[in-house]
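Q: Read off the chains here:
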Amino acid sequence: MDINKDLIAASSTPMVLAILAEEDSYGYAILKRVQEASGGRMAWTDGMLYPVLHRLERLGYVKARWGTAESGRKRKYYKITAQGKTQLAEERSQWQAVDATLRGIWQGLVAVLPDVRGVSLPPPGQLLQGV
Amino acid sequence: MGTVNADSAVTQLEELIGGWRNYLNKRQAIHTVDVAELEDHLREQIAALSKAGLAPDEAFLVAVKRIGNLDTLSREFAREHADRLWKQLVLSSSDSAAQQSALRTDAAVAVGLAVAAAAAIKAPALFGLQLDTHAIFYAHNVALFVFPLLAGYFVWKRKLGPRLWLWPAAAFVAAAVFANAYPFKTEGSTEILSVLHAPIALWLAVGIAYAGTRWNQVAGRMDFIRFSGELFIYYVLIALGGGVLTAFMLMMFMAAGVNAEPFFESWLLPCGAMGAVVIAAWLVEAKQGVIENMAPVLARIFTPLFAAVLIVFLGTLLVTGKGIVQREVLIAFDLLLAVVLGLLLYSVSARDSNAPPNIYDVLQVVLVIAALAADAAALWAIAARTSDEFGFTPNRVAALGLNVLLLVHLAWSALLYVGFLRGKGPFARLEKQQTDYLPVYALWAAIVVIVFPPAFGFI
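Heads up: the sequence lines are chains A and B, in that order. By the working numbering, the letter at position 48 of the first sequence is numbered 48, and the numbering carries on one by one without gaps. One gets the working numbering by counting positions in the second sequence from 1 and adding 131 to each.
In case anyone wonders, no lab produced these hints; they're calculated from the structure. Any given hint could turn out to be false.
As the list claims (entries may be wrong) - Below 30 angstroms or equal to it, Euclidean Cα-Cα: the simulated DSSO-like pairs (lysine-lysine) are:
id : chain 1 : residue 1 : chain 2 : residue 2
1  : A       : 63        : B       : 290
2  : A       : 74        : A       : 85
3  : A       : 5         : B       : 316
4  : A       : 63        : A       : 32
5  : B       : 196       : A       : 76
Claimed, not checked - Anything over 10 angstroms on all C-beta distances counts as not near chain B; from chain A, calculated:
id : residue
6  : 4
7  : 8
8  : 31
9  : 36
10 : 37
11 : 39
12 : 71
13 : 82
14 : 83
15 : 89
16 : 91
17 : 103
18 : 109
Values in this document were obtained by computation on a predicted structure and should not be read as measured data. Each residue gets a CB set at the ideal place from its N, CA and C atoms; glycine is no exception.
Put together the whole structure using the sequences plus the hints.
A: Laid out in structure tokens, this is it:
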């Protein structure tokens, strides 16, 4: 099951901010972390992460700096800012509200819905719990 | 054996990545730093895939595919960095460190020379030559305060040897001598003519410094023509900004009960006017290739308009049958021809010489021929009256001489242009003629400065 593009776009900000709240990171590692947390179901086009990171940087949610990777290559690292953390908390409560609303409605519908494979893993909301 | 294969695989991979990087670098919205960031990603991905057992070239293909469609990516970058589609002159973070330090040195030298030009125009005041009491001295030397510094900037920038910079330097020294040593009758015709023509002659000296080793090539001189047009536009823009600054300054100090006008007249205006020349030149140099040339755009807009005005004017002359009645029209027609020449020159400067003739070329020829016809009407009107009152005063000879030069230039251009339209010669011939002819104006200006005053007894 692939998650549709609009949902991916809408969730990219809280997801990237949450991953950076865990620890400072860089593009490739952020993508790996998304893949791992979503069990491979969040199919981001790799390149698209970078415009997102640059937007977050412009908004002041993250700070970027050039450093050196273990391989000796230049690498751009991102770090969440205080403003970014506030934003993350805000987004998180919004997503939780959406999540709770959907759950409330879906509880009554379980019997009518066709079985969709792969819904069981991981439970919704887990992604954002590391904050 | 294994190492040889591994080595060649690494080289091949580096080549692939290099090609990908160049391809990405061509995208305007994706800057070099972003390419570096994406390259780091690509290499990381390739490493991971190789570890999983893929051959380097396979890993490269998969990694590139995962980065995604470059058009979409480039669009995303453009959406995030909308400013990048507007070419920026400022030092951008996309430039490498070496480039940035070169740009900074360049800026520092330009600002230094601008300050020097500002100081140069104030230096005579130390010897009691004030701007308000010795206006004619400043008028004679105005070009000499700033052009040598401008030429110096190009000598520095192009690293010209003495063989090249001796010529402009000699011209500046000669101009200083002729302007200040001649016993002019104060504010007589020859003095005014000398004041007006000296900067034109000296602009050629600046041109030689600008083009450097390329002066004897059509391309080098054409670049100087483009530079001159852009410099003029930038200078006007800076002057407009200076006007706004001055207006605010005068207003604010007036509110505080202080009259800032003396400061403006004796410091801000002269120093600003001199320094701005160097700054404008630096801007034109720095933005070359970054921003579209403005002069050809203006030429394109005004060519049809001027052509229309001239044709209506000629029509009016024919219909009314009055001819040109004003006597002192020659200067006006000199200016008209100069403007038409400017339109022609800047249209030519921006035209792709390999493109086939189009409607705009026809318009260009119509403009030139209409200007020639209007000028002929003016000359005829003057010639008809020569018998009674056209004495050979310095002003009239200077105006007539310039008119003849412009007339020959435009007529010759029209001939070559018509030849090009009829497919009888390449456009490059017209380009060459335009650039070859320009020194003639500087020579004429030099004659007016050097020969006219003694020839007319310094009146």
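Q: Over 10 angstroms from every CB of chain B: does residue 82(A) meet that, or does the non-interface label fail?
A: About 23 angstroms separates residue 82(A) from the closest Cβ of chain B, which puts it past 10 angstroms; holds.
Q: Can we confirm that no CB of chain B comes within 10 angstroms of the CB of residue 83(A)?
A: 18 angstroms, holds
Q: Taking the shortest Cβ-to-Cβ distance between residue 91(A) and chain B, state whether it exceeds 10 angstroms.
A: Residue 91(A) is indeed farther than 10 angstroms from all Cβ atoms of chain B, at 19 angstroms.
Q: Verify that the Cβ of residue 89(A) lies farther than 10 angstroms from every Cβ atom of chain B, and report whether the claim holds or is violated.
A: Fine: 24 angstroms to the nearest Cβ keeps residue 89(A) off the interface.
Q: Below or equal to 30 angstroms on CA atoms is what counts here, so check residue 63(A) against residue 32(A).
A: 20 angstroms, holds
Q: Taking C-beta pairs only, is residue 4(A) more than 10 angstroms away from all of chain B?
A: Since the minimum Cβ distance to chain B is about 16 angstroms, residue 4(A) lies beyond 10 angstroms and the statement holds.
Q: Taking only the CA atoms, is the gap from residue 74(A) to residue 85(A) under or equal to 30 angstroms?
A: 27 angstroms, holds
Q: When you check the alpha-carbon spacing of residue 5(A) and residue 316(B), does it fall within 30 angstroms?
A: The hint is violated at about 84 angstroms.
Q: Residue 71(A): least C-beta distance to chain B exceeds 10 angstroms?
A: With a cut-off of 10 angstroms, residue 71(A) comes too close to chain B, as the shortest Cβ separation is near 8 angstroms.
Q: Is it the case that residue 39(A) keeps its Cβ farther than 10 angstroms from each residue Cβ in chain B?
A: Given that every Cβ of chain B is farther than 10 angstroms from that of residue 39(A), nearest at about 18 angstroms, it holds.
Q: Would the non-interface assignment of residue 37(A) survive a Cβ cutoff of 10 angstroms against chain B?
A: 17 angstroms, holds
Q: Can the restraint linking residue 196(B) and residue 76(A) be considered satisfied, given a maximum Cα separation of 30 angstroms?
A: 22 angstroms, holds
The structure fails to meet hints 1, 3, 8, 12 from the earlier list, while all remaining hints are met.
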